[in-house]
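Asks: Sequence:
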Amino acid sequence: MELTTLILFCSISYTLVYSMAADTIRQNQTIKDGETIISAGGEFELGFFRSGSSTNRYLGIWYKKISNGTVVWVANRETPLKNTLGVVTIHSKGIALLMSNESDAIIWSVNTSRFMKNPSVQLLDTGNLVLRDEDHGIKNVENIWQSFDHPADTMLPGMKFGIDLVTGINRYYTSWKSADDPSSGSFTYRLDSSGFPQFILWKDSVIWSRFGPWIGSRYRGIPNYNSSGYYKYTSVFSEKEIFSQFDLINKSSATMRVVLTPSGEAKILAWNDHQQIWVVYLTQQVTDCDHYGSCGANGICSINKTPRCECLRGFVPKSPNKWKAVDWSDGCVRKTNLVCGTEEGFVKYSGVKLPDTRRSWYNMTINLQECEKLCLENCSCTAYANADVRSGGHGCVFWFRDLIDIRDHIEDGQDIYVRMPSSELVKSERSRSRRQIKIFIISGVLTLVVIGTLTLFLFGLMSLYVACKKRKQQLEENLKLTSGIVDFNETDGEDMELPLFEFERIANATSNFSNDNKLGHGGYGPVYKGMLEDGQEIAVKRLSSNSSQGLDEFKNEVSFIAKLQHRNLVTLLGCCIEKGERILIYEYMANKSLDLFIFDEKIRNTMDWLKRYNIINGIARGLLYLHQDSKLRIIHRDLKASNILLDHEMNPKISDFGMARSFGANETEASTSRVVGTYGYMSPEYAVDGQFSVKSDVYSFGVLLIEIVTGMKNRLFCHPGHSLNLLGHAWICYNEERLLQLIDGMILESSNQNEAFRFLQIGLLCVQHDPKDRPDMSQVVLMLSSNMKLAQPKQPGFYMERYLFEVDHSLSKPNLSSSNDLTSTSNELTITDFLPRQ
Numbered sequence: 012m013e014l015t016t017l018i019l020f021c022s023i024s025y026t027l028v029y030s031m032a033a034d035t036i037r038q039n040q041t042i043k044d045g046e047t048i049i050s051a052g053g054e055f056e057l058g059f060f061r062s063g064s065s066t067n068r069y070l071g072i073w074y075k076k077i078s079n080g081t082v083v084w085v086a087n088r089e090t091p092l093k094n095t096l097g098v099v100t101i102h103s104k105g106i107a108l109l110m111s112n113e114s115d116a117i118i119w120s121v122n123t124s125r126f127m128k129n130p131s132v133q134l135l136d137t138g139n140l141v142l143r144d145e146d147h148g149i150k151n152v153e154n155i156w157q158s159f160d161h162p163a164d165t166m167l168p169g170m171k172f173g174i175d176l177v178t179g180i181n182r183y184y185t186s187w188k189s190a191d192d193p194s195s196g197s198f199t200y201r202l203d204s205s206g207f208p209q210f211i212l213w214k215d216s217v218i219w220s221r222f223g224p225w226i227g228s229r230y231r232g233i234p235n236y237n238s239s240g241y242y243k244y245t246s247v248f249s250e251k252e253i254f255s256q257f258d259l260i261n262k263s264s265a266t267m268r269v270v271l272t273p274s275g276e277a278k279i280l281a282w283n284d285h286q287q288i289w290v291v292y293l294t295q296q297v298t299d300c301d302h303y304g305s306c307g308a309n310g311i312c313s314i315n316k317t318p319r320c321e322c323l324r325g326f327v328p329k330s331p332n333k334w335k336a337v338d339w340s341d342g343c344v345r346k347t348n349l350v351c352g353t354e355e356g357f358v359k360y361s362g363v364k365l366p367d368t369r370r371s372w373y374n375m376t377i378n379l380q381e382c383e384k385l386c387l388e389n390c391s392c393t394a395y396a397n398a399d400v401r402s403g404g405h406g407c408v409f410w411f412r413d414l415i416d417i418r419d420h421i422e423d424g425q426d427i428y429v430r431m432p433s434s435e436l437v438k439s440e441r442s443r444s445r446r447q448i449k450i451f452i453i454s455g456v457l458t459l460v461v462i463g464t465l466t467l468f469l470f471g472l473m474s475l476y477v478a479c480k481k482r483k484q485q486l487e488e489n490l491k492l493t494s495g496i497v498d499f500n501e502t503d504g505e506d507m508e509l510p511l512f513e514f515e516r517i518a519n520a521t522s523n524f525s526n527d528n529k530l531g532h533g534g535y536g537p538v539y540k541g542m543l544e545d546g547q548e549i550a551v552k553r554l555s556s557n558s559s560q561g562l563d564e565f566k567n568e569v570s571f572i573a574k575l576q577h578r579n580l581v582t583l584l585g586c587c588i589e590k591g592e593r594i595l596i597y598e599y600m601a602n603k604s605l606d607l608f609i610f611d612e613k614i615r616n617t618m619d620w621l622k623r624y625n626i627i628n629g630i631a632r633g634l635l636y637l638h639q640d641s642k643l644r645i646i647h648r649d650l651k652a653s654n655i656l657l658d659h660e661m662n663p664k665i666s667d668f669g670m671a672r673s674f675g676a677n678e679t680e681a682s683t684s685r686v687v688g689t690y691g692y693m694s695p696e697y698a699v700d701g702q703f704s705v706k707s708d709v710y711s712f713g714v715l716l717i718e719i720v721t722g723m724k725n726r727l728f729c730h731p732g733h734s735l736n737l738l739g740h741a742w743i744c745y746n747e748e749r750l751l752q753l754i755d756g757m758i759l760e761s762s763n764q765n766e767a768f769r770f771l772q773i774g775l776l777c778v779q780h781d782p783k784d785r786p787d788m789s790q791v792v793l794m795l796s797s798n799m800k801l802a803q804p805k806q807p808g809f810y811m812e813r814y815l816f817e818v819d820h821s822l823s824k825p826n827l828s829s830s831n832d833l834t835s836t837s838n839e840l841t842i843t844d845f846l847p848r849q
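Be aware that the sequence shown starts at 12, since it is given in the numbering used here, and climbs by one per residue.
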């Protein structure tokens with residue numbers, strides 16, 4: 012591996028710093044070829060390197076004192092420099108790697124949404140490259156960007172491996188393609204939080220192996236996880252972060268790192284100073300039983316048995332002939348189907364690796380007995396297990412489908428309880444006798460207790476009923492509450508605390524709701540700008556008297572937003588329900604809503620590609636949090652440009668949760684007779700049949716993405732050659748390879764055309780007619796942030812004709828009329844109760 016020096020140019024008036032010590036590049040200074048390589052505390056160096064016999068050159072970080080040439084991070088691993096030198100510039104928006112002979116050709120960049128007055132870059136002695144905005148009046152400077160959040164194939168001590176649920180950053184590792192090729196290889200190791208958190212090793216788009224899940228202090232099933240005298244793992248599972256972190260116990264005694272090899276092995280390597288080589292300290296080996304789903308659904312793998320696969324009790328091979336031929340991929344099916352409501356029970360398996368938890372549901376507050384009761388009451392529940400095994404166990408994980416990827420006889424195995432029909436439950440006479448004795452004793456005790464406490468219980472129940480009824484009446488009648496907390500317990504069964512603002516305080520902040528302070532008007536009512544006594548700017552949304560929305564939407568928005576914390580979701584500061592008012596108080600968004608920027612001919616000039624790129628990615632991360640990473644699993648149902656607010660740094664924040672709905676653990680879709688939303692953004696299955704799911708939000712996101720790139724509205728789009736909407740026009744342009752005609756002229760000069768084409772294709776994938784064809788938001792975020800190959804989109808929904816929906820309030824049903832006649836199609840839609848929001 013050939014290492015070369017780093018050529019750096021500083022932008023005027025900015026300083027580039029690469030060490031905690033002093034290596035500083037000041038105005039008009041350069042580090043030229045042959046002089047030096049930028050270092051950090053003597054531990055690491057940053058520069059350009061050439062790997063193997065390839066002529067491709069990369070910007071990377073490697074060890075300085077030991078193992079010179081061991082690269083631990085690569086910036087431009089997918090876009091190498093070819094036959095030219097590189098130039099690194101630091102500017103007010105971030106970092107850029109350019110070709111020295113083509114200054115406008117960006118090879119790699121770090122772009123932030125904030126303007127930095129005095130940007131600096133440092134290579135810390137931990138190997139972490141950080142971008143900061145230096146303010147000499149502030150001692151603790153915030154890291155705006157760091158390489159530790161964007162690993163390559165190496166985990167260094169101090170790195171976090173997992174998800175920041177607030178920022179949306181997902182730190183995962185991807186192997187090199189080969190020992191001499193640092194581009195992304197086949198294997199990716201990442202934390203999955205779509206259900207109960209677990210680590211998954213992917214080979215391309217297929218799960219290769221699975222480790223975990225979380226058991227209370229760490230992740231179970233990871234071989235060689237136990238700490239040694241040299242290193243330790245720290246694991247965190249909270250509402251803000253889910254991660255595991257590798258650290259050295261004594262940093263001066265050993266140099267170690269974790270590497271994901273091109274063959275998919277996770278190895279802990281230690282530097283042998285005497286032999287001057289890296290030695291394998293531990294390997295996370297993948298045996299036959301560790302290959303994902305090797306025994307199929309409802310099968311269990313035992314590495315010490317022959318054959319190693321067998322069906323769980325009460326199950327038989329789905330394909331007996333293939334099973335005899337040692338092909339277990341089809342798995343097992345039940346001998347006797349479950350019949351909900353009958354005397355079903357559970358079979359306990361001990362010492363196993365729990366099955367795949369991606370579609371599981373969990374509750375960390377209940378005990379094992381409550382787990383069993385809840386699982387029996389839910390006809391879809393197939394198994395349960397303790398979520399936290401510490402102190403005898405608490406919390407519960409529930410499965411609702413086939414049990415996949417169970418392994419038996421592991422050192423840190425766990426107990427799982429699999430649901431069985433009564434015919435499969437093996438009960439000895441002795442166990443029946445013990446059960447009868449227990450029931451007899453309990454019945455006798457209960458009889459005595461009930462006689463003595465029945466009166467007290469009834470009295471307490473009546474008192475509770477009166478208190479709850481009174482509190483509900485107070486809320487519904489909007490009586491003034493004297494405490495500073497509003498309890499929305501009726502909304503979803505959980506205590507929800509939110510600061511309550513006095514009406515007089517809000518009136519003073521908005522100059523008595525003056526028209527001069529009015530920001531706009533939505534389906535809920537007018538929105539005003541205000542300023543509190545302490546100088547904090549706020550946005551006040553006031554329910555209007557003629558609004559179709561009311562208490563349900565008010566409570567809905569309060570209960571959802573108050574529980575959600577993400578940088579791409581609007582922050583709810585409090586509410587007011589005095590004097591018959593229903594007022595919501597939010598953080599103030601200086602740049603108002605996205606539609607004002609992308610649909611206004613003049614303002615759109617300020618929306619270059621970088622801003623639109625960051626807005627698209629921010630919306631995607633916020634939506635991913637709602638669908639997957641938040642504990643509520645929210646379907647927004649009204650995602651549109653006017654519901655995307657922009658702060659003073661143009662960071663997007665999803666707002667307006669009045670129409671949102673939460674899904675239970677075993678729910679994937681729901682239906683309603685009251686269709687709400689905005690025409691032009693609604694998916695076909697929702698607008699026509701009232702069926703909504705995460706895929707209906709994906710459809711809305713796809714429409715919004717295409718609108719942002721094109722600068723045109725889907726619903727109001729007009730074309731002289733046809734009567735299609737924007738989606739239909741985009742579909743034609745894609746098939747005829749004329750996507751360049753779609754891109755907003757305002758961004759052509761500031762964008763990479765291929766990147767804009769890619770985003771349009773992603774948008775078309777999101778708006779496909781069949782929900783099953785649309786990607787979920789985790790796939791969308793991955794497609795937006797990587798160069799992975801994209802599928803070919805199919806026909807979009809709602810693109811052939813325009814329809815005008817007119818609500819006949821006397822009939823509570825819409826009249827449907829076509830504004831354009833097309834001979835190529837004829838659609839007849841029937842909607843029970845269509846209530847569009849403008």
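I should point out that these hints are in silico values taken from the structure, not numbers from a laboratory.
Bear in mind the structure is a predicted one, so any value in this text is a computation, not a measurement.
Don't take each hint at face value.
To be verified - Straight-line distance between alpha carbons at most 30 Å, and here's what the computed DSBU-like set of lysine-lysine pairs gives:
1) Lys622 with Lys128
2) Lys93 with Lys128
3) Lys724 with Lys529
4) Lys104 with Lys566
5) Lys251 with Lys75
6) Lys93 with Lys800
7) Lys574 with Lys603
8) Lys529 with Lys384
As the list claims (entries may be wrong) - Across the chosen pairs, the derived CB separations fall in these ranges:
9) Pro731 with Ser249: 55 to 61 Å
10) Pro731 with Gln576: 43 to 49 Å
11) Lys278 with Gly63: 50 to 56 Å
12) Glu598 with Lys333: 56 to 62 Å
13) Asp341 with Ser249: 48 to 54 Å
C-beta: ideal position from N, C-alpha, C; glycine also.
Asks: If a hint holds in the structure, say so; if it doesn't, say that too.
Replies: Results of checking the hints against the structure:
1. Lys622 with Lys128: It holds: about 18 Å lies between the C-alpha atoms, which stays within 30 Å.
2. Lys93 with Lys128: Violated, because 33 Å separates the two Cα atoms, which is more than 30 Å.
3. Lys724 with Lys529: Between Lys724 and Lys529 the Cα gap is close to 25 Å, so the pair holds against 30 Å.
4. Lys104 with Lys566: It is violated: about 40 Å lies between the C-alpha atoms, which goes past 30 Å.
5. Lys251 with Lys75: Status violated; Cα separation ~35 Å.
6. Lys93 with Lys800: 22 Å, holds
7. Lys574 with Lys603: OK: Lys574 and Lys603 at ~23 Å, within 30 Å.
8. Lys529 with Lys384: 52 Å, violated
9. Pro731 with Ser249: 55 to 61 Å: 56 Å, holds
10. Pro731 with Gln576: 43 to 49 Å: For Pro731 and Gln576 the Cβ distance comes to about 48 Å; the hint holds.
11. Lys278 with Gly63: 50 to 56 Å: At 20 Å between Cβs, range violated.
12. Glu598 with Lys333: 56 to 62 Å: This hint holds: roughly 58 Å between Cβ atoms.
13. Asp341 with Ser249: 48 to 54 Å: 40 Å, violated
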